[in-house]
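Starting from the known structure of chain A, fit chains B and C onto it as the hints suggest.
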Amino acid sequence: MSENVNVGRRQVLKGAGALAIGAAAGLVPAGKAFAARGNAPRWGFIVDLRRCTGCRSCTVACKAEYDVPLGAFRTAVYEEVQGKFPNAEKQFLPRLCNHCEGNQEDKIPPCVKNCPEYPKDRRVFNTADGKKIRYRGGATYKRPDGLILYDNDLCVGCGKCIEACPYGARTFNKRLIAGKDASKNGIAKCSLCQHRVDQGVAPACVNICPPKARIFGDLNDPGSEVSKLVKEFGLENKRNETTLLPAENTVPMLYYIDPKGSLTKLASAKKKFMGNEAWVDQIS
Amino acid sequence: MSQTNDRENRDVARQRSHIYGLLATFYRQEVTSDFLRQIKAPQFLGVFSDLGLEMGQDLFQKSEESVLEEMSVEYARLLLGPGRHISPHESVHLPEEEGGTGQLWGKPAVKVKKFIEASGLEYKSEYSGLPDHISVELEFMQHLTLREAQAWEEDGRKGSEFYLNIEKTFMEEHLTRWIPIFCEKVMEETEMPFYKGMAALTKKFIEFEQEEMVDKSG
Amino acid sequence: MRDITRRDIFKLGAVGAAVIATGKAFSSQALAGDIVEGGKDFSPKTGVERTMIPSSCWSCVTRDPMIGFVEDGRLVKLEGQPNSIRSRGKICAKGAAGINQLYDPDRILYPMKRVGKRGEGKWKRITWDEALTELTARLKKVRDDGHPEKFMFHYGRMKASSSKIVKAFLSAYGTGTVGNHTSICEGGKWTAQELTWGAHYDNWDFDNTKYVLNFGSGVLEAHTNHIPTSQRLVEAMVDRGVKMVTFDVRISNTAARSTEWVPIKPGTDGAVVLAMCREVMEAGLYDKAFFPFIKATDNPNASTDEKVAALKAHLAKYTPQWAEKISGVPAAKIKATALEFAQNKPACVISYRGAVAHYNGNDTERAVQMLGAITGNIDNPGGRCHGVGAKWKSPKGPKGPKAKKLKILDGFKGAAAYPTHHSNHQILKVIKDGKAGRPDIYMWYCYTPVYANGECQENIDILKDESLIPYTVAVNAYYDESTALADLILPNPSYLEWWDWEDMVSPTQVPEYYIRQPFVKPLGESRDFKDVVCDLSSRLGFPLGFNSAEEFVKKSCEMTPGIKAAGGFDFMKKQGVWHDPNAKPKFDMYKKKVKADALKKAGVIFDDATSTYWNWKKSGAKSEAEAKQKGYTKTKNAYKGYVGLKVGNDVFAGFKPDKVNKSGFFEFYSELLKIKNFPALPTYVPIPEHEKMGPNELVLTTYKVPVHIHARSANCKWLTEIYHDNPGMINTETAGRLGISDGDRIKVKSEVGEITTTANVTEAVVPGVIAISHHLGHWEYGRYASGKKAPMAGDDDPDLKLKWWDTYGVHPNWIIPNKLDPINGQQRWMDTVVTVKKA
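Chains as they are written, first to last, in this note's numbering: chain A, 1 to 284; chain B, 1 to 218; chain C, 1 to 839.
Only chain A is shown next, with the shape it has when bound in the complex (with noise of 0.2 Å):
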């Protein structure tokens, strides 16, 4: 399916001549170019909370790439009004999975530890110049690309990767059966558009952001535009200002540029995360 996203578009874009050449050089980002050296990349996501006008074009753009049931959301915009008139002011803060890296002990994400099915699932993933990198996982496993990826086929429905979650990144998907019992459902979560990605296309929600707030890339690149902005803004040097909940101790590979300061202000976004509870996109 997603080969043929990739192969289609380029057809006709093929006989545009340079000017197509151009643009569709621009529709593949840096992955792919990565992806001739061999080792598994490690990609990583910036929100740049400069740019983002909470215009949704994401949360949509996300609805559509994978028809996400009513209710759930693998990636949703949080907006909050803070301060007094006349000096009030309005912050949007786009969400999605993480992809954290886990804590430095372990370094397995929450919500890959707490999958019953962890560490049954043996998996193996094929590099660019064809090594194998073995590793494990269950219904819920981290690729050595860094994407948290979600197998139904494993999943027994037992919601504990939700409670695992503190970013409420995870949510029941109510139109999927859990593989591995029927009487529950499976989970809705962001896969940065692994089918995509895979392709060298960028994620929806990337392709789509008319401002360009959100940023994609692999981090082992030092040309990518993520290795670069990570340079510019310290990324991930400063991670108690760049991440959400530090305290958590998740290590997210996602990023917030954010030089007004708008993850410490959004206290009540704070509260949500914590309490696990799912996204919802809603302006109101």
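Don't take each hint at face value.
Derived EDC-like pairs: lysine to aspartate or glutamate, alpha-carbon spacing no greater than 20 Å straight-line [what the hints assert, rightly or not]:
id, chain 1, residue 1, chain 2, residue 2
1, B, Lys-124, C, Glu-525
2, C, Lys-521, B, Glu-126
3, C, Lys-122, B, Glu-74
4, A, Lys-212, C, Glu-525
5, C, Lys-113, B, Glu-30
6, C, Lys-122, B, Glu-69
7, C, Lys-77, B, Glu-96
Every beta carbon over 10 Å from chain C, so not counted as near; a handful from chain A, in silico [what the hints assert, rightly or not]:
id, residue
8, Ala-164
9, Ser-183
10, His-195
11, Phe-233
One side of the interface only, derived from the structure: several residues of chain B facing chain A at Cβ under 8 Å [said to hold, decoys possible]:
id, residue
12, Ala-41
13, Pro-95
14, Glu-97
15, Glu-98
16, Gly-100
Bear in mind the hints are in silico, worked out from the structure with no lab data behind them. Because the structure is a prediction, the values reported are computed rather than measured. Don't be surprised by glycine CBs; every beta carbon is placed ideally from N, CA and C.
Below, chains B and C alone, put in the same frame as chain A:
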């Protein structure tokens, strides 16, 4: 199998085909004056009343013109809109894990279309409806059962099995998954005896077929 | 009913056989062919390939180029068109949710005819032939009776080739009674522009600007050229550090993202802008180089010094302190911002409905134009520029009789001085009044007179009244509040199923040519209205010369030189977009010199009063003598003969007029307004109703959110899931004074009605205001918009079952009177005075 059984099976298949054809006609379009004449015929009324279905007095007391008008308005109210109506399309009713339902031309519509086309039939170019309209699904069964009847005649059980399998698969994957529910909604919504009866008959017949299928495969 | 047994099968089968046997006459089957063993492969797992088709959006007027992916004959996803120079591969939430429009389970798929009383909700299906036969007969009668003007056509969104095709039909038919929707959008802004710089539409060159000043535009969330401009504005702010200051009554997303939000009282933008003009002039920060093109006094030959003096004199009373009292914006802020704006060149002053949908909106926009002009930020890179769109060549329809027109489009006689974009929100009132005549046939297209205008109840009452309008026709894919009052519904497809060529303004000043093509064929029996008018024209005996929209687009591709050279129709079908790679951005066009030859053409004369060359033969004048005697300003349609503007010894292209006889100057001083007894120079006039407000009264103001189209998207489940309630925003202090707490049910009452809604007590809006968005509160438009779900739909409609909200919002238009700006006829959306009480 004896030839007698084959013949009886042939006849049953043929009758089933007729019934599917009748049901498809109910849903395909508004009642026309020709159709109305048949509905009012003693044979039709007899069978219906035997099944416990009442057609109501309006059919006979009102002028044909006003009966047809009322039936058209009721048909639109129930099945076409505009405004709130009970969509006669599988895609609007059937749940699917991967989505693409609760809408027109959803994933179930694609499946119906592929199934029907795979059988060798095609949608006529002048057909303007959607591929998963209830009348198309019933009509497809009409075609299948007719071929089944021919197969009984020509090849006996050996030949008919092919069609029986397709019927069974289509029934299980499509008709039985949504038509009984759809019919219940129509029965609940309409006060017009004809459409209430039509929906009841459809539901009962699909249930009958479902049981028969189990018997046959058993 | 009892269960069916095997015995019943034979009896029932016999009935069925009888029906089928005679059924051929009344029932056409869907399927043909024979069932063969083996058949085709029907595994859903194989052979699935998504086909990519370039097309374009039509959710809002921006009409972004798009690509869509089709799988198994279903459109599965919409994305931006990466090759577009306008949108650069981006679309918005509304664009991405377009699939919800296409596959809306509540769509109208067949022509429907009313049964019973209008508005009763009883319908029956008819064939297209029946529908068009009936419509043709009615149209023919009206035309044969010599009153083609009694066929009124009213469109909301109809652009580019759609407009050309439908208007070819209307003009061949001979009716000029053609309404639009512009007065409920931004028509007043356009008129004000026509009175100052000519043809309307201002493109904001954010790529090159250094500073942005915004009065009442939601440029980052709901602009007429949203995706192309918003992405460039964010880039300018973040990558180039451009400062943006937004004046708005509430924290829109645009205000939120701006460098500064400056709260302002509704309807007072003009005061602030005039004070800014004053400060710029007083500080000597005006751009002398632009002044030769400015008309600032009644003397067309005034020197720059004289103009400066006149402006200073006019502006003297508009001190920042004066403006502070009116607007609530601190004087120091006004002064500092004015100076900053003037000192950061190029800078761009932008404006929209927040500033112009008022009683005084015309002069607010004129003042905004003035601020741009005195600082030299007009038609320059980085400034406020005339819009540039594609110029397609296309087939012309047959020449019809001289169009006749009912005088019902511009409000009551004399209500507006220059309603150049009409006053469509007045039309139903004028029809009810009847003095200007009434249409026999009222047909609307992509328009909802009931919901989109103010005073919904009156709209319903008038439209329902068969004695006022004998025949109503709705062209729509959806059953909205107005379609419910039609006699005949012609089912249109969604925009994802039709053809167009497109021409929306480019943010780069380089025109982009693009098309819209169907992703799938129209669902059911829905038929593109453009194809329908081709059919209607033939039935009425004046074929248009093309038989379908596709043919029209194809011919246009062959007729438009650049497109033809690029590969014509086939190229556009494959690529979707084209622009001339050698085209230079269009800036400073007014400075172009007019060639001497052009002045020597027959009919070209010079008008001293306006310093304007014009060709009287293209105007309404009967002779040169008459033209000279009446002069340029007072000769009907003189602007159509405009040639150039004489400045000193040179003749320049100047600011070419459109729709009114403005001179070639950039007019601050408007002779046209003076003639109609309005101030010639931009002047602040307070809103009369606001002057009389009591202490407990508030001003109702409306707005858009980023995820909805004004009136046509609440049926989209992905959008309505995000935005399905619109409580009234009230400032904390104001709410406290009224004893209202957040979440309280409140009654909001105006002179025309009352609504009950919920209070959203917030710091994000100025005191003294209640702000209510205008997308929701539908009582039709399907299950997601109105909650009018199909009978028991929730029992099994798999998505509806998961719907987690049960609010549908409240439409503010019920209580907004249909009033107009006395100069331009614009609907005064933001002026309504209301009382707010706990319910």
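Structure-based check of each hint:
1. B:Lys-124 with C:Glu-525: Holds. B:Lys-124 to C:Glu-525 sits at ~14 Å (cutoff 20 Å).
2. C:Lys-521 with B:Glu-126: Holds, at about 13 Å.
3. C:Lys-122 with B:Glu-74: Satisfied, since the Cα-Cα distance of roughly 9 Å is no more than 20 Å.
4. A:Lys-212 with C:Glu-525: Violated. A:Lys-212 to C:Glu-525 sits at ~41 Å, over the 20 Å cutoff.
5. C:Lys-113 with B:Glu-30: Within the cut-off at roughly 14 Å; holds.
6. C:Lys-122 with B:Glu-69: Status holds; Cα separation ~11 Å.
7. C:Lys-77 with B:Glu-96: The hint holds at about 18 Å.
8. Ala-164: holds, 24 Å
9. Ser-183: Its Cβ never comes within 10 Å of chain C, the nearest being 17 Å, so this holds.
10. His-195: holds, 12 Å
11. Phe-233: Fine: 12 Å to the nearest Cβ keeps A:Phe-233 off the interface.
12. Ala-41: With a closest approach of 47 Å, the B:Ala-41 hint is violated.
13. Pro-95: Since chain A brings a Cβ to about 7 Å from B:Pro-95, closer than 8 Å, the hint holds.
14. Glu-97: With a closest approach of 5 Å, the B:Glu-97 hint holds.
15. Glu-98: With a closest approach of 7 Å, the B:Glu-98 hint holds.
16. Gly-100: Since chain A brings a Cβ to about 6 Å from B:Gly-100, closer than 8 Å, the hint holds.
Violated hints for the displayed structure, listed by number in ascending order: 4 and 12.
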